[in-house]
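Here is what each chain is made of, one letter per residue.
Protein chains: 2
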Amino acid sequence: MTVIEEMGKKAKEAARFLSVAGSKKNSALNLIADALLENAEDIIKANNIDIEKGKEKGLTPSLIDRLTLGMDRIKGMADGVRKVASLPDPVGNIISGNTLPNGLKVTKVTVPLGVIGIIFEARPNVTADAAALCLKAGNAVILRGGKEAINSNTAIAKVMRNAVEKSGLPKDSIQLIEDTSRASSNQLMQLSDYLDVLIPRGGAGLIKAVVENSKVPVIETGVGNCHVYVDKYADIEMASEIIFNAKTSRPSVCNAIETILVHKDIAMSALPKIKEKLDTKNVQLRGCPVTREILGDSVIAAEESDYYTEFLDYILACKVVDSIDGAISHIAKYSSGHSECIVTDNYECANKFKEQVDAAAVYVNASTRFTDGGEFGLGAEIGISTQKLHARGPMGINQLTSSKFIVEGNGQIRV
Amino acid sequence: MTVIEEMGKKAKEAARFLSVAGSKKNSALNLIADALLENAEDIIKANNIDIEKGKEKGLTPSLIDRLTLGMDRIKGMADGVRKVASLPDPVGNIISGNTLPNGLKVTKVTVPLGVIGIIFEARPNVTADAAALCLKAGNAVILRGGKEAINSNTAIAKVMRNAVEKSGLPKDSIQLIEDTSRASSNQLMQLSDYLDVLIPRGGAGLIKAVVENSKVPVIETGVGNCHVYVDKYADIEMASEIIFNAKTSRPSVCNAIETILVHKDIAMSALPKIKEKLDTKNVQLRGCPVTREILGDSVIAAEESDYYTEFLDYILACKVVDSIDGAISHIAKYSSGHSECIVTDNYECANKFKEQVDAAAVYVNASTRFTDGGEFGLGAEIGISTQKLHARGPMGINQLTSSKFIVEGNGQIRV
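Heads up: the protein sequence lines correspond to chains A and B, in order. Letter 225 of the first sequence, counting from 1, is numbered 225 in my numbering, and no numbers are missing. Letter 244 of the second sequence, counting from 1, is numbered 659 in my numbering, and no numbers are missing.
If you are wondering where the hints come from, they were derived from the structure by calculation, not from laboratory data. It is possible that some hints are incorrect.
Calculated pairs, DSSO-like style, for lysine-lysine (alpha carbon to alpha carbon, straight line, at most 30 Å) [what the hints assert, rightly or not]:
1. A:Lys105 <-> B:Lys468
2. A:Lys105 <-> B:Lys573
3. A:Lys9 <-> B:Lys767
4. A:Lys108 <-> B:Lys623
5. B:Lys573 <-> B:Lys468
6. B:Lys468 <-> A:Lys108
Build out the structure end to end from the sequences listed, making use of the hints.
Following this line, the structure appears as structure tokens:
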């Protein structure tokens, strides 16, 4: 048995206890929050090693920033864990129930998923966030973080494991894989005897690798090629505000937009206003021929590949479309199915867009930046699912559960 | 582009229409039912070719029986399709909704999954059953059946496609892969650009191959290593009736039991009665040492591997356990998580078993044979999920849907 298989086995045993742990889970979470603060110094010390090494390796300042854990961020982690503790228990809820003609009572109740694997990159606070969410939903978790944050992750995991043990729950409810080689994440992807689901959190490359190689069911998260469509009946002022917000408030995240589509009848008046606003943050536009006719040659010519690209930067593709159907078709072809928006004052166009656009979140007259577990009121978020199976859109603790049927009888047999 | 990729592309286009097809889906289903009856002769003619070839290849009589489509079975298929048409539409239902503090209205609604792939073995009626369920839930389907039934499947698919076209929906809502080589099913497993989910229906070997090789999300179905635990407080008469029913009413199906666990305090009185009943159908018992002490050497000694085996036959493993905890631990180790039963008159034991046993369906005092979409009142069933992601237990049309968030505002941006 490999080290990772051993971990899987221990996690499965821990999961049996967690599935019936009830309010002990909250005690454990509150103890974790306390322990993170009490041991902040040790965590920061470990984090400093990661930062040193990162600088030596020439990580960019923004990566170093994501890696850094100051006292404020550790307080943020502890607060986050306490907030998760305060949420209602997602386990043991009755989803539905009925009595069959033969008298059998069938009840469908929520249960934990079991053992969850999480493969994540740079940010060490994911260790605490993800483990807390998994624990709250009664799941054991095996975390496999990136090598840049290994000292920080190890320190955080140690603190959490001790706190869990102190609460009377199994220490192995939370485990961290300390081997950060590619081999360890490959082994995790093969662990179908023990893992119920694997969630990759990170860049498109990581997610693709996990989806393609995992034998364990995967929840795909996070890739967002999002659009705003400015309809013929749009309020131009509103459209330009929404586009500006959706592109520039945080360009590096998945719910930021990458392409705008503009109805031909409004393009002449709308495009200059949209561009004026975007110019204040030096957003680079890449436009179709009609866009460039209207806005001039300062707009770079868009290539086909631009419409497929998640820029995650101050770059925005732009295309003038003939109709709402043209916009919907464009989205069907190029979108990653994350968040899509129409700006319109027309009732029928709004309804058509809502019905026909296939995405986790479809917006009318609001910024796509709201696609987020916190904003949607889920309490906290483990990721944003862009697949259709199991969960779609922001996933909170409810999406970390499964269900079972309880069937109660008095001797019924099937004839 | 390969033939299978072409099919994927066409399916995705068809799925766009189906997602907003509303009651046209029911017209299409009723036309399919009519067409199956009208073209019964052609279908039977094609089926005869498969039967001839099957006999030449030396298929067993039971496989030949599963392959055979008489007029009664075609009528059964047509009735099944009409029944699916009569079910409520699973698409467009509101799951939840709320208004955020900023005024955004968030509504979660059911939508089709999109494109579903189904890989199945012998029985040609799966072609009609599965396609009807997918269509009802607004999904396009790509079917890949086994080579033994290829002529029958092709004839059925042709009839269905023509009927769908007649209803005004895209013909490619239903497609059948006529190439039955291993290559075609491998290609289907790689089709992640077009397929939203892949459902294998067949033996354990097929399912394992799909789970391990598919890049498309899979719903695992059907493997059932099920148990009945006879508690210390069991009604022995009831226990032996339930065991007899769960083992012998149809041993070849996944909800039949494979092992019984008997509390040591009741074993002496219960085991002979259980055996007496099972003897009437010549069920072979494979017992632990204590079982053999009680029942004698006519009971074969069970090996460790027996407890892992889905016999699908008149064979039953038997183990005497020290306590309910022993039974629950045995099930946690050996069960496939399909259906598990306790027979008891004790309230606390019943509750403990219901809570702690991790399976798609957990029974108190009733036969595991009820785990079935039809029995549970789902109308019809596409399979029984034994995984925890997305759907668990019998899956009906509601399990062939996903959801999306509709977010409606009046210009909200995220600060």
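Hint by hint, here is what the structure shows:
1. Under the criterion of a C-alpha separation no larger than 30 Å, the hint pairing Lys105 of chain A with Lys468 of chain B is inconsistent with the structure, at around 47 Å.
2. A threshold of 30 Å between alpha carbons decides the hint, and for Lys105 of chain A with Lys573 of chain B the separation of about 42 Å lies outside it, so the pair is violated.
3. With a C-alpha separation of about 23 Å, the suggested pairing of Lys9 of chain A with Lys767 of chain B holds against the 30 Å cut-off.
4. At roughly 27 Å between alpha-carbon atoms, Lys108 of chain A and Lys623 of chain B fall within 30 Å of each other, so this suggested pair holds.
5. For the hint linking Lys573 of chain B to Lys468 of chain B, the alpha-carbon distance of about 21 Å falls within 30 Å, and the restraint holds.
6. For the hint pairing Lys468 of chain B with Lys108 of chain A, the CA-to-CA distance comes to about 45 Å; that exceeds 30 Å, so the pair is violated.
Comparing the model with each earlier hint shows violations of hints 1, 2 and 6; every other hint is respected.
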